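Participant: Produce the entire structure from the sequences given, and follow the hints as far as they go.
In order, the protein sequences belong to chains R and L. Quick note: the first sequence uses the working numbering, first residue 1, plus one each step. Quick note: the second sequence uses the working numbering, first residue 1, plus one each step.
Note that these hints are calculated values from the structure, not bench results. These figures come from a predicted structure and were not determined experimentally. Any given hint could be a false lead.
[Claimed, not checked] Just the calculated beta-carbon pair ranges, DEER-fashion:
id : chain 1 : residue 1 : chain 2 : residue 2 : range
1  : L       : V4        : R       : E12       : 36 to 46 Å
2  : R       : Q148      : L       : G66       : 49 to 59 Å
3  : L       : K48       : R       : E21       : 17 to 27 Å
4  : L       : V4        : R       : F84       : 36 to 46 Å
5  : L       : E44       : R       : K139      : 24 to 34 Å
6  : R       : K120      : L       : E44       : 22 to 32 Å
7  : L       : T63       : R       : L109      : 30 to 40 Å
Just so it is clear, CB atoms sit at the ideal spot from N, CA and C, and this is done for glycine as well.
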Amino acid sequence: MNDDRIRKLEDEVRRLQGLVESRDKPGGLAIILFSGEWDRFFAAFTLANGALALDMEVNIFLTFWGAAAARNGCHARGRDMDAFQKTFSRMLPRVADQAPLSKFHFFGLGKWALRRLMKKKGVTSLPELVQSAIDMGAKIHFCDTSLQLFGWCPEDLLGGDRSNWCGVSTFLSIANRSQTVLFI
Amino acid sequence: MGEVISIDARGMKCPRPIIELAKARRQAVPGSQISILADDLAFESDVKAWCETTNNPLVQFSTEGGVHNALIRLG
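Facilitator: Structure follows, in structure tokens:
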């Protein structure tokens with residue numbers, strides 16, 4: 001009887017400790033990355049890196065054009081894709097770094113000038129930001145429906161892991177416990 | 001007194017200096033200190049926010065000729 005009470009008290013103490021620890025930890029950041037443009041990817045991953053540096057948990061949900069632009073460089077040849085999917089696969093960027101700017105792109109001239117300027121000024125490049133975010137523990141989630149729509153496989157994508165594919169409800173449950181939620 | 005880790009983040013732009021700081025902290029033992037040099041304009045406010053949020057006290061901060069020098073003790 002006494003042992004039982006002690007065990008219950010211990011459980012209660014553990015629960016309270018968990019609550020105190022979660023209050024001390026800075027709240028998480030959840031980003032829904034819908035856009036597939038280079039500058040928006042840059043903004044999202046800059047914020048993700050900043051949040052990770054502040055010990056925040058970071059979850060990025062790539063959906064639609066965002067998911068479409070987050071390939072890992074391969075061309076997905078020889079896949080069982082229909083004519084539309086093949087056309088999308090050919091026309092969409094193979095890595096986010098190849099994506100166009102949301103404005104001032106000017107057939108690539110604007111992006112070329114911007115990247116040159118950024119390099120000159122010591123601004124971290126997009127591939128470095130993406131790698132750094134993954135290294136520091138950002139969790140990347142892919143919208144299952146978007147990927148099925150484009151006909152892409154886990155090995156075509158950033159991270160290359162099927163377990164990162166999820167639906168809206170999974171991500172919203174993550175977003176629900178994050179203090180900051182951004183739609184980019 | 002732990003070791004002092006030096007980071008030269010001069011020429012790096014936001015958020016790179018703070019990323020370097022966070023990466024160094026992950027490898028350091030508690031009680032170590034990090035000395036970081038940076039010339040990014042946002043660094044002063046960023047490093048103060050970082051110290052406050054991650055509970056690592058900023059021991060010293062100075063600016064000379066546009067270069068910030070921060071000394072942080074890791075809690």
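Participant: Decide, hint by hint, whether the structure agrees.
Facilitator: Hint-by-hint comparison with the structure:
| no. | hint | in the structure |
| --- | --- | --- |
| 1 | L:V4 to R:E12: 36 to 46 Å | holds, 43 Å |
| 2 | R:Q148 to L:G66: 49 to 59 Å | holds, 52 Å |
| 3 | L:K48 to R:E21: 17 to 27 Å | holds, 24 Å |
| 4 | L:V4 to R:F84: 36 to 46 Å | violated, 59 Å |
| 5 | L:E44 to R:K139: 24 to 34 Å | holds, 31 Å |
| 6 | R:K120 to L:E44: 22 to 32 Å | holds, 23 Å |
| 7 | L:T63 to R:L109: 30 to 40 Å | holds, 38 Å |
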